[in-house]
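Novice: Quick mapping for you: the protein sequence lines, in order, are chains L and E. Residue 70 in our numbering is what sits at position 68 of the first sequence, and the numbering runs on without skipping anything. Residue 127 in our numbering is what sits at position 121 of the second sequence, and the numbering runs on without skipping anything.
No lab work stands behind these hints, which were simulated from the structure alone. Errors might be hidden in some of the hints.
[What the hints assert, rightly or not] Just so you have them, the derived chain E footprint on chain L, three or more residues with Cβ under 8 Å:
(1) 23-34
(2) 185-196
[To be verified] Partial list, computed: chain L residues near chain E (C-beta under 7 Å):
(3) D104
(4) T113
(5) R277
For each residue, glycine too, the CB sits at the ideal point set by N, CA and C.
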Amino acid sequence: MVIAEVDSLLRSSVANSVPILVEFLRQEVRKTGFENVVFGLSGGIDSAVVAYLAVQAFGSDHVFGLIMPYKTSSKASVDDALKVVNDLGLSAKQVDISPQIDAYFAQVHTTAPLRRGNKMARERMSIIYDHSVEYRALALGTSNKTELLLGYGTQFGDLASAVNPIGDLYKTQIREVARLVGVPQSILDKAPSADLWEDQTDETELGFSYEEADTILHLLIDDRLSLEEVCAYGFKPALVETIMRRVQQNQYKRRMPVIAKLSSRTIGIDFRYPRDWGM
Amino acid sequence: MKLLRIALGQVSPRLGDVSENVRKHIDFATSAKEKGAHVVVFPELGLTGYQLRDLAFHVARPLNHPDITSLIDASKALDIDMVFSFVEQTPAYRFCVSSVYATKGTIAHVHRKIYPPTYGLFEEGRQFSKGDAIDSFSLGDHRAGMMICEDAWHPSVPYLLSVSGVDVMYVPAAGPGRALSGDPHSGSQMFWNRMLRTYAQLYTSFMVFVNRVGFEDGVFFFGHSFVASPTGEFIGGSESHDECLTTVDIDLEIVRKERYRSPFLRDEDIYLTERTLSRIIREGRTW
Chain L
3 MVIAEVDSLL
13 RSSVANSVPI
23 LVEFLRQEVR
33 KTGFENVVFG
43 LSGGIDSAVV
53 AYLAVQAFGS
63 DHVFGLIMPY
73 KTSSKASVDD
83 ALKVVNDLGL
93 SAKQVDISPQ
103 IDAYFAQVHT
113 TAPLRRGNKM
123 ARERMSIIYD
133 HSVEYRALAL
143 GTSNKTELLL
153 GYGTQFGDLA
163 SAVNPIGDLY
173 KTQIREVARL
183 VGVPQSILDK
193 APSADLWEDQ
203 TDETELGFSY
213 EEADTILHLL
223 IDDRLSLEEV
233 CAYGFKPALV
243 ETIMRRVQQN
253 QYKRRMPVIA
263 KLSSRTIGID
273 FRYPRDWGM
Chain E
7 MKLLRIALGQ
17 VSPRLGDVSE
27 NVRKHIDFAT
37 SAKEKGAHVV
47 VFPELGLTGY
57 QLRDLAFHVA
67 RPLNHPDITS
77 LIDASKALDI
87 DMVFSFVEQT
97 PAYRFCVSSV
107 YATKGTIAHV
117 HRKIYPPTYG
127 LFEEGRQFSK
137 GDAIDSFSLG
147 DHRAGMMICE
157 DAWHPSVPYL
167 LSVSGVDVMY
177 VPAAGPGRAL
187 SGDPHSGSQM
197 FWNRMLRTYA
207 QLYTSFMVFV
217 NRVGFEDGVF
227 FFGHSFVASP
237 TGEFIGGSES
247 HDECLTTVDI
257 DLEIVRKERY
267 RSPFLRDEDI
277 YLTERTLSRI
287 IREGRTW
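Work out the full structure, taking the sequences as your base and the hints as a guide.
Specialist: Here is the structure:
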């Protein structure tokens, strides 16, 4: 019952967030001197939400989506990405990443899904950044708060971006925002998946549901409860500990690389300027 | 009726660009004068932007710096009083978040922020020195006082301003919104509204809240500048989180009526307050 309670709290809390997110995009992108944005459209809910927010912020002429399937990617993902493209009237381009992935793994042999998945995520990132030059566009992030906290993403792959409008929204909140901005129903209904291999779903891979994860994360992070206090709500201690450990172990993915301090003004330590410096 | 037309200059400063922000202040002041305002009020750090970190060192200005004197001069040239805020570098090189009340080409008062917050998303204590004086000042037919943002979250600040005799308290702010409340107004925004209306009623004074707008490093500032009357009512404001200039007319006669009807200030026993505070200080904090 705590899940239902927190879920409903998280969902209702986003009721008025859309205008703020749209304005955030406008200001944080335009102050960098860019008028256009680019990002990968996977067919999933996160990138769909970013697309709808970006079109509200900049108009469809300024929003560029890249659909980058691998040969094993599900056909439904591409179809769902195209639904977003057609619904919003976006300029979108399809880039099949199979040749570059296959060329690499023809030389470097591995069947490890993690390595193959990471490689695909990083190839997609490099394609997005390459197109950012062609479109004179800033790369938008599509990672949500749940993924960022759990470290469920590839460093310098799908986690890479210049500006991320949805990084403070849990997955369950993304679903609510998706409804508010009009994301197609088929995208709302399907199981979330990184689609890095066939039949992959986030929840099978993670071993818990997003509702469980978001509730536990909300209690641990936002409400600052202890592990014991969270378990007292009836969660299995092993699950709560797994989630907390993931948050901790993946802190590095949320930070810039650590620099050895030698001088009196070291980047990231005592050379401290806002990101918006000079913009 | 003693009418004072107040213009709320709800700006989005350009981070670190003092001369651009001075220009914007002068533009807003010019428009405010055209709207017949007697005073135009700008938000906390309106001349510098808020999330400064090490930029504080670059944007700090002494009171006699041309960027600052140009605004003081503008209060005479445009014939409008101005409340503006910036990083003040004192003669001994303390760096303070300060707010100036300029009138007729002179400085009527400088308030240095007493409580630069250093917790959560705030890190002002890293760069800024605390102010050490709270005082009101005369503007001829009424007295005013200033407190900057976090100062207002310490009830002692409006209390001391009140007993030093103010009729109008100016509150320049850089209040960040936390949009996830499910309410069209964020939690912090609602709290500001409740708090300042309560102060207005308890201290039988006008409260003039001017909050900045815009995003800095992802942080959203919610605007919604407003004026509360000594009756505790909201009497006008911007209702927006965009840049705008809103004028609100206040009738200073209301202070007279409210202080007769609700003589909290007359009955306030500052001697008891002083004796009690002295005893607590003498005995030390036991908590």
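Novice: Give a verdict on every hint.
Specialist: So, going through the hints one by one against the coordinates:
no.: 1; hint: 23-34; result: holds (count 4)
no.: 2; hint: 185-196; result: violated (count 0)
no.: 3; hint: D104; result: violated, 39 Å
no.: 4; hint: T113; result: violated, 40 Å
no.: 5; hint: R277; result: holds, 5 Å
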